[in-house]
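Throw the hints in and build the complete structure from the sequences for me.
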Amino acid sequence: MVAGSGGANRVPPTPDTIQAARQEAVMEKDPSCYQDAAKTVGDGLDTEGMEVQLDDFVGAHPDYNEEEEEQKYFRRKRLGVVKNVLAASLAGMLTYGVYLGLLQMQLILHYDETYREVKYSNIQLEDIDRKVLMGINITPVAALLYTPVLIRFFGTKWAMFLAVGIYALFVSSNYWERYYTLVPSAVAIGVAIVPLWASMGNYITRMAQKYYEYVNYKEEHVQEQQRVPRGACNAYIIVFQTIFYVCFHLSFVCAQMPMLFFLNNYLYQLNHTLFGVKHCGTLSHGMLPGFNKTVLQSLPRSINLIVVESALMAAAFLAMLVVLVLCGSAYRPTEEIDLRSIGWGNIFQLPFKHMRDYRLRHLFPSFIYSGFEVLFVCTGFSLNYGVCALGLEKLAYLLMAYGFSASACSSLALCMLRLQRQIPLLAGALIHAALLVTLFCWAPEPRHLVQAPLLYTIAVLWGTGSALNKTSVSILLGMMYEDKERQDFIFTIYHWWQALAIFTVYLWSGLPMKAKLSIMLLTLAVAVGSYLWMEHKLAQHMAYRLPRIPRPRHKMRGYRYLEEDNSDETGSEGEGSKENDDEHPAEATSGDELPKDDGEQLG
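Numbering-wise, the working numbering comes out as the position in the sequence shown, counting from 1, plus 1.
Think of the hints as simulated: they come from the structure by calculation, not from any bench. Treat the hints with caution; some may be incorrect.
[Said to hold, decoys possible] Beta-carbon label-pair distances, calculated as ranges:
{"#": "1", "residue 1": "Leu170", "residue 2": "Ser299", "range": "27 to 33 Å"}
{"#": "2", "residue 1": "Leu512", "residue 2": "Trp345", "range": "21 to 27 Å"}
{"#": "3", "residue 1": "Glu69", "residue 2": "Ile139", "range": "56 to 62 Å"}
A virtual CB, placed ideally from N, CA and C, is assigned to each residue, including glycine.
Printed below as a string of structure tokens:
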């Protein structure tokens with residue numbers, strides 16, 4: 002009965018219970034199964050942990066914003082471009098200021114008979130000074146032959162650096178004033194004048210184009226390195242050229258520092274220096290006839306001269322460092338290669354071929370007048386009007402008034418952002434025309450200080466007209482010739498014609514003042530008429546000729562040429578220009594390019 006009752010109360014086993022009992026039996030026979038199971042679980046946890054760590058290391062950060070980082074990157078690029086413009090402007094101001102200041106101080110010292118006889122009686126300083134001026138003014142006549150080759154060979158930045166270094170060499174040669182130091186350095190200055198200012202103009206224009214690229218980096222034509230739309234960079238060209246000329250015209254102020262703080266302490270007063278002067282202004286002939294041959298009441302000590310020249314040398318060396326360290330490259334390295342690879346023969350010929358463009362030919366008189374007016378204010382006006390009436394000790398103040406006015410009024414070119422581009426150029430021409438007529442009719446009395454306010458007013462107004470003239474011409478060239486393959490040729494032509502005009506002023510130094518003023522007034526009238534005729538032709542959509550830029554001829558070396566397509570295509574040739582055929586000249590059978598329309602360039 003007991004057994005029967007126990008069997009009746011037993012619960013039948015389930016399948017899960019049977020499976021668990023079997024696993025317990027197996028584990029009792031083989032305890033290593035515990036270890037295998039634990040190892041399998043541990044390996045799975047280790048793998049998951051490593052994957053989590055790897056994702057944390059190489060994966061995207063949860064706070065990373067790609068668009069924001071891209072904006073920061075291009076903001077830094079834009080600030081770099083602004084830094085380049087300011088550095089180039091500062092270097093140009095220091096270089097030209099040191100050159101003018103040293104040349105002015107040395108010419109005044111060498112003019113004094115007592116200084117020549119006491120210090121350099123046996124080396125004929127007068128003859129050396131004549132040859133120095135010949136080297137500076139005549140050598141640039143040949144600059145059109147070598148400047149484009151020089152800029153393309155060294156690159157824009159390094160051409161600037163080389164030219165600034167040559168100016169520093171000119172300063173260093175004055176430590177030991179001999180024929181074999183002064184004359185060769187003057188010839189070197191003449192060689193470097195056009196390359197320096199052509200590369201400066203090209204550099205500032207290129208910075209404006211790069212700034213546009215960094216502002217509009219999301220645009221397809223920028224990402225594909227194709228030609229930008231016509232006129233897209235004009236606003237940046239206007240702003241950057243204005244910044245450059247605001248700084249550049251301050252070089253006329255910096256150039257007066259040696260005279261203001263050093264040389265004025267040794268000069269005679271006007272009653273002595275102007276004792277033999279009978280006529281001033283429009284009645285004078287040559288360079289201030291009758292001016293006393295002794296202008297120094299005491300001779301400066303050699304140690305003081307060395308200190309002044311060392312300060313100028315330090316400024317020239319600072320300009321070299323600014324270009325070397327602070328100025329970035331104007332082009333990408335591959336673009337520099339492409340610019341050189343069109344062939345040196347083509348580089349030599351292209352400046353001459355660009356002169357067949359009627360737009361450039363119509364601006365030749367403006368280039369010539371630009372050279373006339375800047376040298377006239379430093380020689381003809383300042384000597385035959387300013388020094389003749391106020392004395393040599395006031396020369397520095399007169400030129401400083403001109404420099405400050407030109408620097409401040411260069412900012413007036415910003416009106417081209419809102420007004421038509423003709424207005425600043427014509428306004429500057431109108432101011433100069435009125436001043437030329439005034440100077441033609443006016444002969445100030447020698448040694449009459451009451452005429453000082455009128456002379457300073459003329460200097461300030463002349464600076465205003467000069468600023469509008471130079472800034473507007475450079476902006477105009479940058480706006481009309483936007484192709485980066487042409488800009489160095491265009492600025493070379495501009496500064497070469499300026500150099501020719503300066504050479505002409507050097508030749509006419511013995512003419513009567515009325516003849517000089519008449520030539521300048523005639524040149525100004527021709528320049529204004531020619532410019533207005535050019536604008537009329539553009540308004541009529543008259544076709545102009547642009548020489549075709551040959552395709553780069555690369556030697557097939559290096560990783561960048563292993564690809565089937567040229568990864569550095571700029572859009573100036575081939576397929577890159579097909580999208581813009583309506584905006585750019587079509588190739589003519591003569592090898593030149595004839596535009597279909599230029600209506601967008603009317604300002």
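Hints versus structure:
no. : hint                         : result
1   : Leu170 to Ser299: 27 to 33 Å : 31 Å, holds
2   : Leu512 to Trp345: 21 to 27 Å : 41 Å, violated
3   : Glu69 to Ile139: 56 to 62 Å  : 58 Å, holds
When the structure is compared with the earlier hints, a violation turns up for hint 2 alone.
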